[in-house]
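Order-wise, the sequence lines are chains Y and V. For the first sequence, the residue numbers in the working numbering are 2 to 264. For the second sequence, the residue numbers in the working numbering are 670 to 943.
Bear in mind the hints are in silico, worked out from the structure with no lab data behind them. Since the model is a prediction, treat every value here as computed from it, not as a measurement. Possibly wrong hints are sitting among the right ones.
[Stated by the list, open to error] PhoX-like, lysine-lysine: derived pairs with alpha carbons at most 25 Å apart:
| no. | chain 1 | residue 1 | chain 2 | residue 2 |
| --- | --- | --- | --- | --- |
| 1 | Y | K166 | V | K763 |
| 2 | V | K702 | V | K744 |
| 3 | V | K744 | Y | K166 |
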Amino acid sequence: MTPKNNIVIGIIIALVVIASYNVDANPLEFVEGLPNLAIVVEEMLLVEPKYIPTALWAMFETIQMAFIGTVVGTVIALPLSMFAARNLNSKFVYAPVRALLAAIRTFPSILWAILFVIMVGLGTFAGVLAVVMYTIGFIAKLQYEAIETIDSDPMDAVSSIGVSKWQLIRYVVIPESASHLLGQILYMFDYNVRQTSILGLVGAGGIGFYIINYIKFFEYGKAAIFMLVVLVTVLFIDWVSVKIRDKYIVKSQHGMEVTVKKI
Amino acid sequence: MKQIQMTKNLSFSLISTNKIIQMNDVWTSYDSKNFALEGINLSIDRGTNYAIVGQSGSGKSTLLKLMNGMMIPSKGTIKIDYVTPDMNNKKFKKMMHTIGYIPQSLGLVKNISVLENIMIGALPRLTTIQSLFKRFPEHEIQEAKRIVSLVGLSGKEDRKAYMLSGGEKRRVAIARALMQKPTILLADEIVSELDHVTAREIMNLIADAQKRMNLTAIMVHHDMQLALEYANRVAVIKEGHKILEIGVEGDTIVDFQTGDLNTEEIMEMYSDDS
Ligand SMILES: Nc1ncnc2c1ncn2[C@@H]1O[C@H](COP(=O)(O)OP(=O)(O)OP(=O)(O)O)[C@@H](O)[C@H]1O
Ligand SMILES: [Mg+2]
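All chains should be built: construct the whole structure from the sequences, respecting the hints.
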């Protein structure tokens, strides 16, 4: 290790210490707080199984919110991505569309949720709208990037026939970027289920709404059931989408013949 | 090997009223420093089977890209049927519908079927609704099927393009171009990587179509032998210059170039090149 590296590491440590002081992050408090965690865990162990059906129902509602948000968001994102791709548009078209998409992505979904709670009131609809916005921002970006990496050979060859922009999109752009799209939608859905689970914290419906309320009233046993359901569901969806990606998408991106097997 | 006669004579007329492609002192470059083509003059009669031969990097592909308007010369003029090729020119964009262009890389859409790839050639004749929903008119489907069997792809219509062999891919690209009902066919080394037999099978196919449709075919070759076998005219390109242009009629080869080129030597050089 060179002296120069030592100086850099020293500076980083100093910065962490200064920043901790500024934000009141005291390790001692963490240690002192550990007994409290024990109390929470103890109470959580007093799970109340009779709340399982309610928890499952709340999770189902959450998944539906994520599902609607993913589908609607994707449907809006796709045309936007066509206008945002550099290889399909002039600067005057793609530059403003990209700026809009970047602006949409700047907000985390929880901020969108707060905004929509103010607009349409407490409840699941605000949550769905938040998921839609978030999905638009990300799917459109992933998709215009996929479009920009399409092989230019078929693009040039088909353009040289003098086809219209719509025909080019239908016969080259969509087929050549579709294999990426399926993977992205799966990933987005997976992500949206997690996000929707916490949107309830700001009153935008879903299972997080129950969790925050139980925690507010110190009913950790009930909260634990709901959190457990979220954990299991997220792990399950994760597992399923990895399976689908492995079995279907990875292969098709390597140009192999694909048969979708039972998962 | 064919006999070479140094003669400027004239069973081949040098001046014709029926020029479909004319290039006058054409220069072009990809970057600001090096010219890929330097002062090219070409004049191609309608219905000719024209070959362009030259070593790798000599500028053959560039020449074709100029003819279909994908590239614009930095100096000089090009006319296709008296129109300047340029993708942004409305009049030329219409003409592109009937200029079949088969790039060196073929440019197939790999995730759609053989039949759909071929249908792309007919897109300019379809309405937006027909093409977006793939509702092809019956007579276009019949035409596509006819071309499929012509190029020897019957039974493979529904295969995805990525599931084809190199030779089959070339047949699809040719079929797509024929589906355009072309008046001009530009083909860039489409048989260079194929075995002797398949290469000739594909060349015969194009030669037949060319005669039947009174096509003007401009084909780039690596191999002089193949060019002499099929073309009526052969231009040899070297380092961005046209160094030789010969006419072929039966077994007679005529030099069209003025000046003191050693034709025999050049011919030998390129016929050895494989
Ligand atoms: N896209 C490009 N950008 C920059 N330079 C290029 C590009 N394409 C070709 N060139 C250059 O232009 C010159 C002519 O290239 P061209 O592709 O026309 O050659 P070619 O005769 O078709 O060769 P080959 O037989 O290998 O296909 C070469 O020097 C090449 O390096
Ligand atoms: Mg080339």
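Status of the hints after comparison with the structure:
1. Y:K166 <-> V:K763: Roughly 14 Å separates the two Cα atoms, so the pair holds.
2. V:K702 <-> V:K744: Within the cut-off at roughly 14 Å; holds.
3. V:K744 <-> Y:K166: violated, 30 Å
In the structure shown, a violation is registered for the earlier hint numbered 3 alone.
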